[in-house]
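Here the protein sequences come in this chain order: B and F. Taking this note's numbering, I'd label the letters of the first sequence as residues 1 to 89. Taking this note's numbering, I'd label the letters of the second sequence as residues 1 to 132.
Misleading hints may appear alongside valid ones.
To be verified - For lysine-lysine, the following DSS-like pairs were computed, each having C-alpha atoms within a straight-line distance of at most 30 Å:
id : chain 1 : residue 1 : chain 2 : residue 2
1  : F       : Lys-53    : F       : Lys-119
2  : F       : Lys-61    : B       : Lys-84
3  : F       : Lys-119   : F       : Lys-61
4  : B       : Lys-84    : F       : Lys-53
What the hints assert, rightly or not - If we take Cβ atoms under 7 Å as the criterion, some of the chain B residues that face chain F in the derived model are:
id : residue
5  : Arg-62
6  : Asp-66
7  : Met-69
8  : Ala-73
9  : Leu-81
10 : Phe-85
11 : Glu-86
Stated by the list, open to error - According to the in silico footprint, chain B covers these stretches of chain F (three or more CB under 8 Å from chain B):
id : region
12 : 36-49
13 : 54-68
14 : 73-81
15 : 84-98
16 : 111-119
The hints are simulated quantities; they were obtained by calculation from the structure and are not laboratory data. The C-beta atom is built at its ideal place from N, Cα and C for all residues, glycine as well.
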Amino acid sequence: MVEEVDMEENIYAMLSQIAETARTIVPDGPVQQALSVMAVALDAGAALARAGSHDPAGQIERILSDDAMIARARDDRESALRAKFEEDE
Amino acid sequence: VKRLAVGLLFVACSSTQRSTQAQAANAVARASNDLQPVLLEAYRSENEACIAKAQSMAEGKACFLEVDARFDSTFRARRALAIAQDAWADELERTGGTTADTARRLVAAWCELARVAPKSVAVPSVGIRCDG
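Okay, chain B solo, but in the shape it has when bound:
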């Protein structure tokens, strides 16, 4: 297991270096676009490998919606404001 992580880290380090070098020498274009895929995956992947993270089994986590919480915060602020001035009256 340790060996596996070390090997992955070496791969990440090698490819990160290639990506970093290419980022500086290749202008915008298909290669640069392909590199953006690599850069995202490698940088985050390397950090996760160092932290001992593993391949997520099953579905990939998704980003939660803020909408319900924003709506609740807006309702709460309206009520609090009304309460403040109704009390004053």
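Assemble the complex: chain B is given as a structure, and chain F must be docked to it using the hints.
Chain F in isolation, oriented as in the chain B frame:
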């Protein structure tokens, strides 16, 4: 360039590619989800400050609008990031890989969120470079 091509081919063929990208997609979702309570707390706190200093209902409401103007771009950026990350995760789950367009949209959405987030909200690092 030849070494770069070998590197790209290696990534395309690597058995860890799906795993690495799935970890990265999870890292983005977790970082954004961790940001949610912090962002909403900052939003609530600014609204509470409006209520505390308001001398009238109208003044309070005007202050709420200013808070909304400051936070709306961040909420919009989180929505856009959720759409981009969904597309990335869907593609990974469906095909085991990612297209450059999907990754570029994800990077752009993340960097927009990092750019517009209020100063009081620290956006965590997920290894995405936004400097160009």
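So, going through the hints one by one against the coordinates:
1. F/Lys-53 - F/Lys-119: Answer holds: F/Lys-53 to F/Lys-119 is near 22 Å, not above 30 Å.
2. F/Lys-61 - B/Lys-84: holds, 13 Å
3. F/Lys-119 - F/Lys-61: holds, 23 Å
4. B/Lys-84 - F/Lys-53: holds, 11 Å
5. Arg-62: Holds, because the Cβ-Cβ distance from B/Arg-62 to chain F comes to roughly 6 Å (cut-off 7 Å).
6. Asp-66: holds, 6 Å
7. Met-69: holds, 5 Å
8. Ala-73: holds, 5 Å
9. Leu-81: Hint holds; B/Leu-81 Cβ to chain F Cβ min 4 Å, cut 7 Å.
10. Phe-85: With Cβ-Cβ at 5 Å, under 7 Å, it holds.
11. Glu-86: violated, 9 Å
12. 36-49: holds (count 7)
13. 54-68: holds (count 6)
14. 73-81: Since three or more residues must qualify, the claim that chain B covers the region 73-81 of chain F holds, with 4 doing so at under 8 Å.
15. 84-98: holds (count 6)
16. 111-119: violated (count 0)
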